[in-house]
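Novice: The chain contents come next:
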Amino acid sequence: MTWARKHLLDIESLTPDEIVTVLDTARAFKAVGERAIKKVPALRGKTVINLFVEPSTRTRISFELAEQRLSADVINFSTEASSFKKGETLKDTARNLEALNADFIVIRHSASGAPHFLARVLDVHVINAGDGAHEHPTQALLDVFTIREHKGKIAGLNITILGDILYSRVARSNIWALRKLGATVTLCGPATLVPKTFEQMGCRVTYDVDEAIRDADIINLLRIQHERQRKTMFPSINEYIPLFGLNRARLAKAKPDALIMHPGPINRGVEIDSDIADSSRSLVLEQVTNGLAVRMAVLFLVNGGNGPQEVAGN
Amino acid sequence: MAESNVILDAAAMQRALTRIAHEIVERNENSAEVVLAGIPVGGDHLARRLGKILSEIWSQPVPVGILDVAMHRDDLDRRAAPKIHPTVIPFDVTGKTVVLVDDVLFSGRTTRAAMDALNDFGRPKKIQLAVVIDRGHRELPIKADFVGKNVPTADNEKIRVRLVENDGVDEVVLERLK
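From first to last, the protein sequence lines stand for chains G and E. The first sequence lines up with residues 2 to 315 when you count with the working numbering. The second sequence lines up with residues 1230 to 1407 when you count with the working numbering.
Heads up, some of the hints might be wrong.
Cut-off 25 angstroms, straight-line C-alpha distance, at most; resulting in silico cross-link-like pairs (DSS-like, lysine-lysine) [unchecked claim]:
#1 G/Lys181 with G/Lys31
#2 G/Lys39 with E/Lys1354
#3 E/Lys1312 with G/Lys181
#4 G/Lys39 with E/Lys1355
#5 G/Lys31 with E/Lys1312
#6 E/Lys1312 with G/Lys40
#7 E/Lys1312 with G/Lys39
#8 G/Lys7 with E/Lys1312
#9 G/Lys154 with E/Lys1312
#10 E/Lys1355 with G/Lys40
#11 E/Lys1387 with E/Lys1312
#12 E/Lys1354 with G/Lys40
#13 G/Lys152 with E/Lys1312
If you're looking for bench data, these hints aren't it; they were derived computationally from the structure. Being a predicted model, the structure only gives us computed values, none of them experimental.
Hey, can you work out the whole structure from these sequences and the hints?
Specialist: Laid out in structure tokens, this is it:
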């Protein structure tokens, strides 16, 4: 049990022990969500600002609900209705929010490193809710939490991440977390979206889907991120589907207990066939439930990480 | 170096728990209403032991739960985040007499947090408090109903309750930091 961090900026800088601390804490918060009264007073009197400078529905809703269940006061700040439109810089916006005595800023930004920048210039707790193609730490933590719940461990598992890796912050955060906890990670997708450089992160890279999923315990499918692609990286969606989409025939070649994950939003009929997405082997909705618990755990831990390490009296 | 004295050994702790159990029986005529909730780390094991003694006295099972109070503490932003233990309350507390069980009563803040946490599960008819050691220094208007041993302490002293379940030995030690 170790946590002394003021922020959650990325997975890369976390120790395995810190990752496990989040997972263990999240387990307790998941139980809170199953009670009649789903709210605890851990962040009472604290103000959290959700600064989403890039559109997001599920992550923002998940964070917002997590904050409310911890009894924090919550303000949502999105690009559409903000002074960003008037040309205010991120630093000025954030300093204005801090001047309102906010305690936490949860930031989603299209620029990699934006949360790290805020953590440097502000005195508040900063939580990264996704920065560019860099990291999406809470998504990786909820994925790892979900895997551990089903498989009982992470070490020694074969995890295959399939799809758009190049532009995916989810992939990067997942790779860090899974490698730190001792899983074997295989990446697969069109060669233009899965560069061999990922082997430097300790992953196996292959372009043969059937081979990639054959020994997998978990198949994590990633969405094709049209919005981040500067140019078309593969000829067409219609070519992608037969080559890389997960369908029933392809899944039949995987291990019978292999489970399927997807961070959402799903492109039904592209990355994954509709009936597989709805099957009992799909953990997609559990990931959503667990995301709430993991985000409560992160807010709870980060809140404590600021103070002196005094041991509570007996 | 800290110097330490054993103030309760295994036999004395067993006697204290037996006496507390009998006091709980004496205080609560309707045995069917009594449930126990232990506060980790320590109180959960003590609650289980008290529940065993009580169920023998009453010849009926006494429900025992675990109530973690970490999420309800009032010092969360002043210290490293505490370890959260699972809370398991496998019964309805509404209308029940809930006996909170903790190893040491000190400032009273843990007890306050426990009462808040309990309210999330329903409305008990009564809440009572059983502790092995009351070491004084209360910061809140809280008093234990059942006490194993009153131990007046100084600020530089620390009470360690060791239990077989956690530490392989039953004993209470008073440590004095120099």
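Novice: Confirm or reject each hint.
Specialist: Quick rundown of the hints versus the structure:
| no. | hint | verdict |
| --- | --- | --- |
| 1 | G/Lys181 with G/Lys31 | 24 angstroms, holds |
| 2 | G/Lys39 with E/Lys1354 | 22 angstroms, holds |
| 3 | E/Lys1312 with G/Lys181 | 22 angstroms, holds |
| 4 | G/Lys39 with E/Lys1355 | 23 angstroms, holds |
| 5 | G/Lys31 with E/Lys1312 | 15 angstroms, holds |
| 6 | E/Lys1312 with G/Lys40 | 18 angstroms, holds |
| 7 | E/Lys1312 with G/Lys39 | 19 angstroms, holds |
| 8 | G/Lys7 with E/Lys1312 | 16 angstroms, holds |
| 9 | G/Lys154 with E/Lys1312 | 20 angstroms, holds |
| 10 | E/Lys1355 with G/Lys40 | 23 angstroms, holds |
| 11 | E/Lys1387 with E/Lys1312 | 20 angstroms, holds |
| 12 | E/Lys1354 with G/Lys40 | 22 angstroms, holds |
| 13 | G/Lys152 with E/Lys1312 | 24 angstroms, holds |
The structure is consistent with each of the numbered hints, conforming to all of them.
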